[in-house]
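Visitor: Work out the full structure: start from the sequences and follow the hints.
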Amino acid sequence: MKRRVGIIGVGVSKFGRRDDVTVRELAWESIREALEDAGLTQKDIDLVVAGSTAYRGVELYPAPPVSEYSSLLGKTPLRVEAACATGSAAAFTAVNSVASGSAEVVLAVGFDKMTEVDTPTSLAIGGRGGNYQWEFHMYGTTFPSYYALYATRHMAVYGTTEEDMALASVKAHKYASMNEKAHLRNRVTVEDVLKSRLISWPIKLLDSSPISDGSAAVIFASEEKIRELKVDTPVWIEGIGFGSDTSSIARRGEWTSLRAAREAAASAYSLSGRTPSDVEYATVHDCFTIAEIMAYEDLGFAERGKGATLLREGQTERGGRVAVNLLGGLKAKGHPLGATGLAMLYEVTKQLREEAGPVQHQFKNYVALTHNVGGTGHYAYVTVLSR
Amino acid sequence: MQAIPLELRYVIPERGYEKFWEGLKKGEIWATKCKRCGSLYYPPQRDCPVCMTSELEWYRLSDRGELMTYTVVKAKPQGYEDREDYTIGIVRTEDGVDLMCWIKGVPRVGSKVRLGTDGDRVVGETA
Ligand SMILES: [Zn+2]
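Each protein sequence line maps, in turn, to chains P and U.
Per our numbering, the very first residue in the first sequence carries number 1; after that it's consecutive.
Per our numbering, the very first residue in the second sequence carries number 1; after that it's consecutive.
No lab work stands behind these hints: they were computed from the structure.
Since this is a predicted model, take the numbers as computed values, not measurements.
Idealized CB from N, CA, C, for every residue including glycine.
Just so you have them, the derived chain P footprint on chain U, three or more residues with Cβ under 8 angstroms:
id, region
1, 63-72
2, 83-92
3, 98-105
4, 109-123
Guide: Take a look at the structure:
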């Protein structure tokens with residue numbers, strides 16, 4: 001990066017089925033929190049990058065209504081989209097705008113109101129999250145079915161079990177129960193997961209993230225601006241790695257790991273000069289439980305095929321070797337697509353600043369990362385951060 | 001309140017892929033192959049971006065392969081709601097092409113599969 005960039009404000013809305021708000025109030029919840037957190041007003045923001053998939057809400061072009069409602073007019077020239085990695089695409093755009101010198105202070109806001117359509121419609125939209133004609137049209141793919149193809153192969157090749165996957169759900173629900181803004185705050189057992197309704201074998205309801213509404217906002221600034229504002233604990237972006245892969249899942253050639261995520265991780269480690277063992281805290285993209293297991297492997301926290309071992313040994317719990325998703329993950333905190341990547345940066349920022357309350361992890365070197373996958377590995381972003 | 005429904009009616013082109021769709025009606029699976037560099041495309045493509053040519057020929061894929069992975073779809077999307085549960089698989093053909101299909105018979109990763117079509121899609125039967 002040409003200039004060093006840091007995070008100076010973060011906000012996140014309550015996630016869940018938000019029948020009480022339209023997308024405008026929903027986005028404002030996190031924008032307001034981020035502005036207050038940074039001690040700034042709209043006047044201090046040079047550029048707003050809005051991120052939203054926007055396919056499941058009535059507002060198909062939601063950036064102008066959000067910008068108008070939040071008094072950010074004149075600063076919001078675009079909306080970005082990268083499916084479930086939309087929030088990270090917004091962050092990537094914002095960080096590069098600051099790094100390149102085209103802006104000093106940039107607000108990235110991600111939001112989606114996903115519950116405005118019914119579940120079959122939502123499945124039909126998600127099922128198009130590959131290649132319409134060659135997959136959805138002919139075979140009736142759904143979003144869970146794509147990840148199920150990975151789960152089946154991972155089980156067959158490495159011996160990963162449905163019980164292993166259930167452990168990721170149990171962990172997610174446990175931490176979400178401590179997070180007031182989480183969508184699903186009930187605790188579950190391995191047995192509950194195994195007995196839950198089949199969605200696309202081997203994926204069951206409790207292996208799946210819920211369909212959520214929510215927003216998250218992050219304010220980025222240049223190092224110069226951060227010194228000028230005398231920010232106490234800026235959180236520095238050490239590197240953002242990205243990757244992408246085929247639209248057709250059959251053309252990946254392997255179904256036990258996400259190439260895009262491996263490439264994003266390799267690039268993020270190289271840019272930051274860090275290695276997997278330096279990472280003390282991570283948010284990983286656990287849209288389904290198998291995705292958390294693959295994430296551990298793709299990030300180098302575990303060898304290929306050994307991801308479930310970390311769950312069995314509790315190494316990704318608070319106080320473990322690398323704490324993962326202590327706000328409940330996508331699985332239980334919720335997964336409003338546009339918000340997720342920015343909600344991950346919110347989580348890591350709170351942790352690195354030691355403002356995470358009951359789920360605060362103990363750091364030695366204050367190094368963390370976010371891992372955000374779009375589609376079924378169509379896009380991936382890995383961001384390394386430090387305090 | 002109820003918002004106004006949005007009904008999206010789409011028409012999509014088949015041009016250049018007639019051979020594929022006709023093949024599906026006859027139990028055949030067709031890919032395209034670049035005449036210049038030999039790259040094999042499935043789903044078929046009209047253009048080879050590797051050598052920047054549109055000189056591709058049709059290539060009929062083998063009807064034998066191996067099941068790489070599969071899933072049984074229980075929660076179905078709009079357009080498939082009235083179907084019985086169906087099994088989506090990925091099969092690696094003897095030509096080394098990986099393709100999506102529906103699986104009939106008992107699925108198992110590694111099983112041998114005989115590929116055909118049901119007129120609308122590729123269907124693989126496990127041995
Ligand atoms: Zn060629």
